[in-house]
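Participant: Put together the whole structure using the sequences plus the hints.
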Amino acid sequence: MGVRFELDNNEKEFKKKSFALFHALVQSKNQLIYGKSGFFYLSGNELADNLARSATNSFNSPVPVNDVKKYVKSILHSKWQAQWDLKNTNKLQSIKRLIDCWPSLPIRKLDTVLTRLRIGHTRFTHRHLLLGEPAPLCTACQCQMTVLHILIECPRFDLQRIRCFHSSCMTLGDILHKDHHPQLFTFLRTIGFYSLI
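In this text, residue positions in the sequence shown follow the working numbering: the first is 1, and each later residue adds one.
Misleading hints may appear alongside valid ones.
[As the list claims (entries may be wrong)] Listed next, the in silico EDC-like pairs over lysine to aspartate or glutamate satisfying Cα-Cα at most 16 angstroms (straight line):
id	residue 1	residue 2
1	Lys73	Asp100
2	Lys96	Asp179
3	Lys91	Asp158
Calculated directly from the structure, the hints in this document are not laboratory data.
A quick note: this is a predicted structure, and the numbers were derived from the prediction, not measured.
Facilitator: What follows is the structure, encoded as structure tokens:
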């Protein structure tokens with residue numbers, strides 16, 4: 001017997017049915033048929049599938065499995081992006097506005113350092129949470145040491161910023177965007193922060 005999915009407005013049900021449909025498509029090399037009544041049928045060799053197909057009128061048209069996969073993926077991606085847009089306390093969102101794949105660096109250590117900077121979690125800035133100690137303070141500013149403070153705000157590193165980035169007025173997005181600033185790792189080594197990440 002074929003598997004039937006009725007499209008409705010209930011988001012939770014839609015998600016369940018989308019994942020079930022996607023899983024069924026991955027497991028099956030069968031063709032999908034979209035009926036006029038708004039149902040999808042996974043075709044097979046069983047009598048029930050033939051009866052269901054013949055019960056619908058001649059307006060049925062075959063929908064390639066890849067088209068349905070793309071459609072389901074686009075719906076899920078849109079919902080994920082909508083959820084991402086609602087987050088305003090996420091450190092990564094200030095750098096990465098859109099949900100898409102960013103390239104990985106070929107050297108794993110550099111890729112790990114870059115990822116930790118993007119999410120704002122380094123050993124130096126978050127170690128105190130594991131050890132139950134007070135947060136580290138900047139000796140120059142008496143502010144809490146954060147990735148933002150170290151890369152952008154601290155006046156103690158202005159000269160190094162100018163040397164490496166040719167500006168002392170930068171944003172995290174300028175330095176850590178999809179194609180990170182080419183002098184980022186040089187800057188981190190110059191100020192002695194690279195080994196603490």
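Participant: Output the indices of the hints that this structure fails to meet, ascending.
Facilitator: Violated hint: only 3; rest satisfied.
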